[in-house]
Amino acid sequence: MADSAPALSGTGPLTLADDSHRAKVLVKASAGGAVASTLATGFGSARALDDDLLCVGCGVGEWLLLGPPGPADGLVARWRAEPDDGLVTVLDATPGRTVLRLSGAGAGAALAKVCAVDMAAAADGTAVRTSVARVPSLVVRTGAAFLVACERSYGEYLADALLDAGAEFGIVRASKIPSNDRR
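First residue of the sequence shown: 1, per our numbering; consecutive thereafter.
Be aware that a few hints might be false.
[To be verified] Label pairs and their calculated CB-CB ranges: (1) Glu168 - Asp52: 29 to 35 Å; (2) Glu168 - Asp50: 34 to 40 Å; (3) Ala121 - Gly70: 31 to 37 Å; (4) Pro13 - Pro68: 23 to 29 Å; (5) Asp51 - Asp73: 16 to 22 Å; (6) Glu156 - Leu87: 33 to 39 Å; (7) Lys113 - Pro83: 31 to 37 Å; (8) His21 - Asp50: 16 to 22 Å; (9) Glu151 - Leu49: 22 to 28 Å.
For the record, the hints were derived by calculation from the structure and aren't laboratory data.
The C-beta atom is built at its ideal place from N, Cα and C for all residues, glycine as well.
Full structure from sequences and hints, please.
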């Protein structure tokens, strides 16, 4: 990931997509243990572990793994089997989390209208826990796009708030927006 923040002009229209179909796994382990060393992603940062697995350091000794679409069983089994010298907790968070992707021209400006942190000024790979439209959220900068993760019960409200914030920029829905009764 780049060391400096690229321009957020984007090459396409401002879009909001539901990325909730991705497998989501929470891993908690000792910050100095073998699992932390293998994940090698510090608190407040995100990096690709492979082509379709994003690791987000969302707390000291806490990571959110965003995997390919589908069940998280394989990811859970892989990280439960990882040797460590301390207690490791691995939890499938897929059904309990909504993940929205805001991308395209005006993504940073639209997010700035409802986010407590100016993520447009953040470097690629930055991850912060913050308030987005008064919803406790995890926001990750991935190039000129942003991933916004929250508890599933807030998903529909948060999507509506982001659509409202992006209205002046011509936001379009790239996919069905999450509903509370969907999973």
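Now the hints, each set against the structure:
1. In this structure the supplied range 29 to 35 Å holds for glutamate 168 paired with aspartate 52, their Cβ-Cβ distance being about 33 Å.
2. Glutamate 168 and aspartate 50 have their C-beta atoms about 38 Å apart, which keeps the hinted 34 to 40 Å range intact.
3. The hinted window of 31 to 37 Å between alanine 121 and glycine 70 holds, with their beta carbons roughly 35 Å apart.
4. A C-beta distance of roughly 26 Å is found between proline 13 and proline 68, which places it inside the suggested range of 23 to 29 Å.
5. For aspartate 51 and aspartate 73, the hinted distance range of 16 to 22 Å is satisfied, since their beta carbons lie about 19 Å from each other.
6. For the pair glutamate 156 and leucine 87, the supplied restraint of 33 to 39 Å holds, since their beta-carbon distance comes to about 35 Å.
7. In this structure the hint that lysine 113 and proline 83 lie 31 to 37 Å apart at CB is violated, the actual value being about 46 Å.
8. Taking 16 to 22 Å as the suggested C-beta distance range, the pair histidine 21 and aspartate 50 conforms, at roughly 18 Å.
9. Checking the proposed 22 to 28 Å range against glutamate 151 and leucine 49 shows it holds: the Cβ atoms sit about 24 Å from each other.
Hint violations for this structure: number 7 only, all remaining hints satisfied.
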